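Quick mapping for you: the protein sequence lines, in order, are chains A and B. Just remember that this note's numbering sits 902 ahead of the position in the first sequence, which is counted from 1. Just remember that this note's numbering sits 4 ahead of the position in the second sequence, which is counted from 1.
Please keep in mind that the hints were generated in silico from the structure rather than gathered at the bench. Among these hints, one or two may not hold up.
To be verified - List of simulated lysine-lysine pairs, DSS-like, C-alpha gap at most 27 Å:
no., chain 1, residue 1, chain 2, residue 2
1, B, K82, B, K45
2, A, K1234, B, K45
3, A, K1249, B, K82
4, A, K967, A, K1485
5, A, K1249, B, K36
6, B, K36, A, K1145
7, B, K36, A, K911
This one's a predicted model, so the numbers in the text were calculated from it and none came from an experiment.
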Amino acid sequence: MIELYWLPKVEPWRERLRRLGDTGEALWDEAVALAGARIDAVQTNALDTMVHRAVREAPAALTDKPVRLAMLGSATMAHLHPAIRVAGLRRRLWVETYENDYGQYWQELSDPASGLHCFKPTAILLALDAHHLAAGISAASSRADVDAALADTCERIRTCWRLARDNFRCLVIQQLALPVHPPLLGSNEHRLAGSRASYIARLNAELRRVADTDGVALLALDARAARDGLMAWHNPELWHRAKQEVTPAAAPMYGELVMRLVAAERGRSYKALVFDLDNTIWGGVVGDDGVEGLVLGPGSPLGEAFADFQHYARELSRRGVILAACSKNDEKNALEPFDRHPEMVLKRSDIASFVANWSDKPANLRAVAEDLNIGLDALVFVDDNPFERELVRRELPMVAVPEISEDPAFYAQTLADAGYFEAVAITDEDRARAGQYQGNRQRAELKASATDLGSYLRGLDMRLLWRRFDRVGLNRTVQLINKTNQFNLTTRRYTEADVVGVMQDEQAFGVQLRLVDRFGDNGIIAIVIGRMQGEGDLLIDTWLMSCRVLGRQVEPTTLNLVAAMAKRLDARRLIGEYIPSAKNGMVRDHYARLGFGEIDGSGNATRHALDLAGFAARDTFVEIEEEKGQ
Amino acid sequence: MTEPEIYQALTTIFRDVFLRDDLDLRPELSAKDVPDWDSFKQIEIIIAVEENFGIKFRTREMDSLNNVGDLARLVASKT
Chain A
903 MIELYWLPKV
913 EPWRERLRRL
923 GDTGEALWDE
933 AVALAGARID
943 AVQTNALDTM
953 VHRAVREAPA
963 ALTDKPVRLA
973 MLGSATMAHL
983 HPAIRVAGLR
993 RRLWVETYEN
1003 DYGQYWQELS
1013 DPASGLHCFK
1023 PTAILLALDA
1033 HHLAAGISAA
1043 SSRADVDAAL
1053 ADTCERIRTC
1063 WRLARDNFRC
1073 LVIQQLALPV
1083 HPPLLGSNEH
1093 RLAGSRASYI
1103 ARLNAELRRV
1113 ADTDGVALLA
1123 LDARAARDGL
1133 MAWHNPELWH
1143 RAKQEVTPAA
1153 APMYGELVMR
1163 LVAAERGRSY
1173 KALVFDLDNT
1183 IWGGVVGDDG
1193 VEGLVLGPGS
1203 PLGEAFADFQ
1213 HYARELSRRG
1223 VILAACSKND
1233 EKNALEPFDR
1243 HPEMVLKRSD
1253 IASFVANWSD
1263 KPANLRAVAE
1273 DLNIGLDALV
1283 FVDDNPFERE
1293 LVRRELPMVA
1303 VPEISEDPAF
1313 YAQTLADAGY
1323 FEAVAITDED
1333 RARAGQYQGN
1343 RQRAELKASA
1353 TDLGSYLRGL
1363 DMRLLWRRFD
1373 RVGLNRTVQL
1383 INKTNQFNLT
1393 TRRYTEADVV
1403 GVMQDEQAFG
1413 VQLRLVDRFG
1423 DNGIIAIVIG
1433 RMQGEGDLLI
1443 DTWLMSCRVL
1453 GRQVEPTTLN
1463 LVAAMAKRLD
1473 ARRLIGEYIP
1483 SAKNGMVRDH
1493 YARLGFGEID
1503 GSGNATRHAL
1513 DLAGFAARDT
1523 FVEIEEEKGQ
Chain B
5 MTEPEIYQAL
15 TTIFRDVFLR
25 DDLDLRPELS
35 AKDVPDWDSF
45 KQIEIIIAVE
55 ENFGIKFRTR
65 EMDSLNNVGD
75 LARLVASKT
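Hey, can you work out the whole structure from these sequences and the hints?
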């Protein structure tokens, strides 16, 4: 059985599950907590049942749009639904699931009257089983016939992708087939064209290739089976008994893998890896053992294991995960190994936020989140000390804190299995991120040396580069729309398809803004969506900004841009909305500060107007330019 | 493992699978006595029992199970 072994045991889980229905307003938080425990297939099903007994539809308080996931396939999938929903719950997402009538996936995709169309999916998972995919392939087949069948199957699947895209404009996930067929030759199986085992391997390889072209996310069950062993995923007895290709014992992991992709598409993967230092990235306690006494690098298996973990962390940072350190130490001691230990793989410059003091870890994790300008729910915290882990879980339940083995040899594998940093694509932003955080420190140093704010800002040589929404920036745009909580006037969450809708709407505009200064490129830092509404009013539907560029006059400069774009649509007034959320109090007076007058409101929301006839562009230290397409 | 120990472990499994804490296992209890005990729940029970006792059932053995008594005897023969 595949265990979700990085999740903590939560006690008394059984009793808390039984009482779930009596928890009243705390029900959702309690359900999320129970879903975050290390649970097996039976517990997963039980939790799903209890949640659905108590709650019929998505709780109103959720800011994230519910997920409507349709599974399409030809084998039994009913046993997988609860695990997918519970994996959603683990991420505070409400998930509705659907599956096609037995074997009818093709018809349902094409027929506008089908159950699939009525369901209106926001994500489609094409989960075709290996037996279905290899139907007709036999050792007696000629190579030419097998090649033709492969091309045909691949084209059929791509047509499904196109139908899914065209009809639903939603996330499409393709499950790669499990290698369930026993080989006929052995190690050189690939030399027998008509072997179903080698056929499935070829099909998976081909699907990987075309999925890149078609922008489809892959659910790589074949790779999981290679790691976990086929028997962990597939039980031939249950295939024969119930046509369950994925064994129910693996359902919790299956749900995890599916929901990681859905969450990643919504920009909800974790962003930063925060680690303790002593006995987490090196062996020993630097304050006691001294730099010379640390166990790190060649010479001992343990030292090699710590160095290997550092190496994994550095590789993560190179693909866009932010690194931070959080340690109970004197700062001087904590920094010393970075300066003096020859076997340190991680350099001081790899770490975007470094906190070493004697405050408690929850307080320091708050400081790290603030320093990095990201939410606590974007942090993964690794600490060898079970006491610290438990304290952080209790105080900051939104921080992911994996259970890790006492043996550092398994740290990296645990992080990988936990899938915190799942990504469906790598953007240039991701690659550049480490450099951006370094630039932040240099900016802070300049700020400390400049005597007044004006000369500091002038000295930054800031340029705000704007670009209309486009395909190239789509990933990052969607990520920001779904992840930005604080500087976000309306907290409206949009999918890729919604953003494409804005691109196509001539009475609307969507712009992404990049801030460049003498220390480097801050990346895309703000998004604005405007839409004409009624006679001459341009409604600012969405205005959000990354907090790391606060206090740099980006807001008034953005207003200049918005006003210019509104005039192009013949607008006479700008209408700005503020919808309060639990996290966006900082922008309550945003429109007042920019000279808008409040006109009306409903509930807690307020609306503000700015007359464009008398509008003079605000004077700022930020140059504004259109960024040319790539 | 003694028979009472096996029954006790099975009771916990059945109560978790069916979310019914009033379920008492008797040897003659079978699928027709418990609402929701369908073929899927049957598989869930089997998987939980295999995991709990660290044993594996064969196809023929699973086919021969008619009630809780059969299951308890099968577990006893493998533990």
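(message) Which constraints among the numbered hints does this structure fail? Numbers only, ascending.
(response) 2, 3, 5, 7
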